[in-house]
Amino acid sequence: MENNGSKKTGLLLIALFLGYTMVYIDKLSVGYSLIPISTEFGLEPAAKGMIMSSFFLGYAIMQIPMGLVINKVGSRIVLIGSVIGMGIFSFLFGFGTSLIMFMSLRFLTGLLAHSGYASSASKEVTMNFPPEKRTFAQGILLSSSGVAGFIGPLALSPIITNAGWKNAYMILTGVAVAIAIFLIIAIPRNEKTKEKADAVATKTDKISILVIWSDIRVWILFLSSFFINCLLYGLSSWVPSFLTGERGLDLNGAAVISSVSGLFMLVGSIGGSYVVGKFFQHKEKAVVAITAILGALSAFGSYYIGNLVLLSIVMGLANFFLIISFVTMMSIPLRIFEGAKFAPSYGTLATGGILGGFVSPTLIGKLVELSNGQYISTFIFFLVVGLLTAGTIMFIKQK
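Quick note: to get the working numbering, add 717 to the position in the sequence shown (first position is 1).
Worth double-checking, as some hints may not be accurate.
[Claimed, not checked] Label-pair ranges, simulated between beta-carbon atoms:
1) Leu1104 to Tyr1021: 10 to 20 angstroms
2) Thr756 to Lys1083: 17 to 27 angstroms
3) Leu1087 to Pro905: 50 to 60 angstroms
4) Asn969 to Leu1104: 41 to 51 angstroms
5) Lys1114 to Ser1088: 21 to 31 angstroms
6) Ile1093 to Pro905: 26 to 36 angstroms
7) Ser815 to Lys1114: 45 to 55 angstroms
8) Asp932 to Ala1003: 13 to 23 angstroms
9) Ile1093 to Ser925: 19 to 29 angstroms
[Stated by the list, open to error] Computed list of lysine-lysine pairs in DSSO-like fashion (alpha-carbon distance at most 30 angstroms, straight line):
10) Lys1083 to Lys724
11) Lys1114 to Lys725
12) Lys1114 to Lys1058
13) Lys1114 to Lys850
14) Lys789 to Lys725
15) Lys883 to Lys1083
16) Lys995 to Lys850
17) Lys789 to Lys724
18) Lys850 to Lys1000
19) Lys1058 to Lys1000
20) Lys1000 to Lys1114
21) Lys725 to Lys850
22) Lys995 to Lys883
23) Lys724 to Lys850
24) Lys789 to Lys883
25) Lys995 to Lys724
26) Lys995 to Lys1083
27) Lys1058 to Lys789
Hints listed in this document are in silico derivations from the structure and should not be mistaken for laboratory results. Heads up, the beta-carbon is just placed ideally off N, CA and C, and yes, glycines get one too.
Please build the complete structure, drawing on both the sequences and the hints.
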């Protein structure tokens, strides 16, 4: 029976991992598709930033309500609905014809498709894995960002170049449908029984959002998540434009450099989560601070590197340190919030990260325009938010 349970949790982890991979590829795809879209429709950098930020605005608005929805209907339904929603909006995005339409579709993608996946997946981890294995399980899920970062550019760039950005979104639609079917098969149906048992054990079957918001740890994590995601989403959204614009690479060349960063992220998320979970339990905030500083310094330094091979390595190191910082930060809630407190707490701090994703692309677009197409101010911004991440997280009290 124990072996059978291990197989079920293994299948669950694979399914959640694939769903997370779809989440990150969907986010990543916009940074590449907007290069031909901006040429076709004459979009300025600020307009590109608005399309990217529209997604995160919808994502942020729905994040806290979605935490309450998860408690009400269960994480299984939300997970499956999220991936199906990604497929629907990818299909519609392929028919976009104007700035308003692109912004609206990305807004709805964040609002209705992405907003519930991270919290639901993390709740499945808390229900199906013991506390000592949750950091590593969460690290495996978030390592999907590295897989998406490695495979996504290498797959998307040739498709966009040869078949066009519209056909690329048709393919993403098919991938989303396939993953949704796998989630239906793999996710246990008895989650409400587990959630009820957890609620009885912790006496948190019903809880007010005001109780959640009275916990200072929620707001410290909110700010830390905001700053680290300003950096992460700023890099993932604008590096393709930086490489094809200021550095003069074609789309495929930019994709190769981005995929190297994705490979570094994959190693960092899996290896980092294992090392932190095994050797640095209850010292996670120090790990977050140190790796955030190293990642920010690497990102800033990459601007001054002319050699493309060295640039790839330094950008890879930046993503390596930053993903360790991010994964470790997002493992902290799995240890300090339990029962019905978990989803609303996680949703609140995740909102901070999503707001970072909303602010960063638009702000960077404005910085690029004010700098006449130069990106130095963008990389200074990366340095500042990395240091703010490190400073903020040190105030958290882990119990």
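Against the structure, the hints come out as follows:
Distance hint for Leu1104 and Tyr1021: a CB-CB separation of about 18 angstroms, consistent with the stated range 10 to 20 angstroms. About 21 angstroms separates the C-beta atoms of Thr756 and Lys1083, a value consistent with the hinted range of 17 to 27 angstroms. The hint said 50 to 60 angstroms for the Cβ distance between Leu1087 and Pro905, and at roughly 52 angstroms that hint holds. At roughly 34 angstroms, the beta carbons of Asn969 and Leu1104 sit outside the given window of 41 to 51 angstroms.
Range check, Lys1114 to Ser1088: about 40 angstroms between beta-carbon atoms, so the 21 to 31 angstroms window is missed. In this structure the supplied range 26 to 36 angstroms is violated for Ile1093 paired with Pro905, their Cβ-Cβ distance being about 51 angstroms. A C-beta distance of roughly 49 angstroms is found between Ser815 and Lys1114, which places it inside the suggested range of 45 to 55 angstroms. Separation of Asp932 from Ala1003 is about 21 angstroms and conforms to the stated range, judged on CB atoms against 13 to 23 angstroms.
For the hinted restraint 19 to 29 angstroms between Ile1093 and Ser925, the CB-CB distance of approximately 47 angstroms leaves it violated. Of the supplied pair hints, the one linking Lys1083 and Lys724 is violated, its CA atoms being roughly 50 angstroms apart against a limit of 30 angstroms. Taking the CA atoms of Lys1114 and Lys725, the gap is near 34 angstroms; set against the 30 angstroms cutoff, the hint is violated. In summary, the hint linking Lys1114 to Lys1058 is supported, as the alpha carbons are separated by about 17 angstroms, within the 30 angstroms threshold.
This hinted pair checks out: Lys1114 and Lys850 have alpha carbons roughly 21 angstroms apart, not beyond 30 angstroms. Distance check on the hinted pair: Lys789 and Lys725 sit about 24 angstroms apart at the alpha-carbon level, within 30 angstroms; holds. As the CA atoms of Lys883 and Lys1083 are separated by approximately 27 angstroms, the hinted pair is consistent with the 30 angstroms bound. Note on Lys995 and Lys850: the hinted pairing holds, with a Cα-Cα distance of about 9 angstroms set against a maximum of 30 angstroms.
Under the criterion of a C-alpha separation no larger than 30 angstroms, the hint pairing Lys789 with Lys724 is consistent with the structure, at around 28 angstroms. Pair hint Lys850 plus Lys1000 holds up; C-alpha atoms about 16 angstroms apart against a cutoff of 30 angstroms. The straight-line distance between the Cα atoms of Lys1058 and Lys1000 is roughly 23 angstroms, inside the 30 angstroms bound, and the hint therefore holds. Note on Lys1000 and Lys1114: the hinted pairing holds, with a Cα-Cα distance of about 10 angstroms set against a maximum of 30 angstroms.
Proximity of Lys725 to Lys850 is assessed by CA-CA distance (about 15 angstroms); at most 30 angstroms being required, the pair is judged to hold. For the suggested pair Lys995 and Lys883, the alpha carbons sit about 45 angstroms apart, so the restraint of at most 30 angstroms is broken. For the proposed pair Lys724 and Lys850, the alpha carbon gap of about 15 angstroms is at most 30 angstroms, so the pair holds. Pair hint Lys789 plus Lys883 does not hold up; C-alpha atoms about 37 angstroms apart against a cutoff of 30 angstroms.
For the proposed pair Lys995 and Lys724, the alpha carbon gap of about 23 angstroms is at most 30 angstroms, so the pair holds. Annotation: proposed proximity of Lys995 to Lys1083 is violated, straight-line Cα distance about 43 angstroms (limit 30 angstroms). Straight-line distance between C-alpha atoms of Lys1058 and Lys789 comes to about 13 angstroms, which keeps the hinted pair within the 30 angstroms bound.
Violated hints for the displayed structure, listed by number in ascending order: 4, 5, 6, 9, 10, 11, 22, 24, 26.
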